[in-house]
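*Asks:* Sequence:
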Amino acid sequence: MSFQNILLILLSGVASGFMNTVAGGGSLISMPVLIFLGLPSAVANGTNRVALMVQNVVAVANFKRKGFFDFKLGIMLAIPAVIGAIIGANFAVNLPDRIFNNILAVIMIIVLGLILWQPQKKVFAQQEDLTAKRKIIAVIAFFFVGMYGGFIQAGVGFIIIASLTLITGMSLVKINSLKVFIIMLYMSSSLLVFILNGKVNWLLGFVLAAGNALGAWLGSTFAVAKGDKWIKGVLTIGILLMAAKLLGIFSV
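By the working numbering, the letter at position 22 of the sequence shown is numbered 133, and the numbering carries on one by one without gaps.
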């Protein structure tokens with residue numbers, strides 16, 4: 112792979128990490144770029160997870176250092192998510208590229224709607240409620256969250272935030288600390304499935320991880336409030352173009 116392509120992957124990692132920090136949905140940038148550069152869909156899916164794994168390990172360490180870390184609840188929700196992720200990942204590695212690309216394109220458009228609508232900001236504040244019944248509902252919900260995360264992963268953060276907000280009523284700080292911990296655990300299991308099936312390009316995975324780390328640092332360091340509308344505009348155009356390419360509406 113040429114130096115230009117590696118540079119493009121690094122830059123897509125920076126953009127992905129930045130978007131994951133300021134808005135979410137960074138995989139909607141990085142994974143299509145890997146596919147467009149010639150990686151089979153399953154390999155792009157597995158390679159993208161290397162970067163996400165690194166990103167979430169760092170995030171978990173940060174939350175733990177700041178005291179936001181509910182290990183017991185995190186494990187309770189992570190176990191069904193891990194089981195679901197293994198099922199979803201096994202499905203993804205055996206899916207033909209064309210079908211996967213079509214599914215990814217549709218999901219990209221749906222997640223774009225979530226990014227623009229931001230339902231996590233529209234849900235009314237609730238009092239935290241962790242009754243046994245709600246915990247059981249959460250466990251069932253996270254099995255399906257894990258299946259989706261194991262299959263594609265893109266935009267799963269929005270699904271987790273919405274699920275935990277509606278089911279538990281917890282604050283967004285607690286929800287985000289749980290989110291990165293659960294993703295870290297099920298990501299390791301789904302990544303293992305891709306590794307065992309030979310669906311990871313390690314060189315590009317580490318290049319992408321370096322970009323993600325830099326992008327996350329930039330997103331958390333600089334004030335981006337004034338640029339939020341501009342970022343969403345560029346993201347909207349980019350996602351619609353990439354979705355159209357995945358669906359075969361045009362070729363380049």
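Bear in mind the hints are in silico, worked out from the structure with no lab data behind them. Hints are not guaranteed to be accurate.
[What the hints assert, rightly or not] Keeping only pairs whose Cα atoms sit at most 30 Å apart, straight-line, the calculated DSBU-like set for lysine-lysine is:
#1 LYS175 to LYS285
#2 LYS246 to LYS285
#3 LYS285 to LYS177
#4 LYS244 to LYS175
#5 LYS183 to LYS246
#6 LYS183 to LYS285
#7 LYS175 to LYS246
#8 LYS244 to LYS285
#9 LYS183 to LYS244
#10 LYS246 to LYS177
*Asks:* Does each hint hold? Answer for all of them.
*Replies:* Against the structure, the hints come out as follows:
no. : hint             : result
1   : LYS175 to LYS285 : holds, 11 Å
2   : LYS246 to LYS285 : holds, 15 Å
3   : LYS285 to LYS177 : holds, 11 Å
4   : LYS244 to LYS175 : holds, 27 Å
5   : LYS183 to LYS246 : holds, 12 Å
6   : LYS183 to LYS285 : holds, 13 Å
7   : LYS175 to LYS246 : holds, 22 Å
8   : LYS244 to LYS285 : holds, 20 Å
9   : LYS183 to LYS244 : holds, 17 Å
10  : LYS246 to LYS177 : holds, 25 Å
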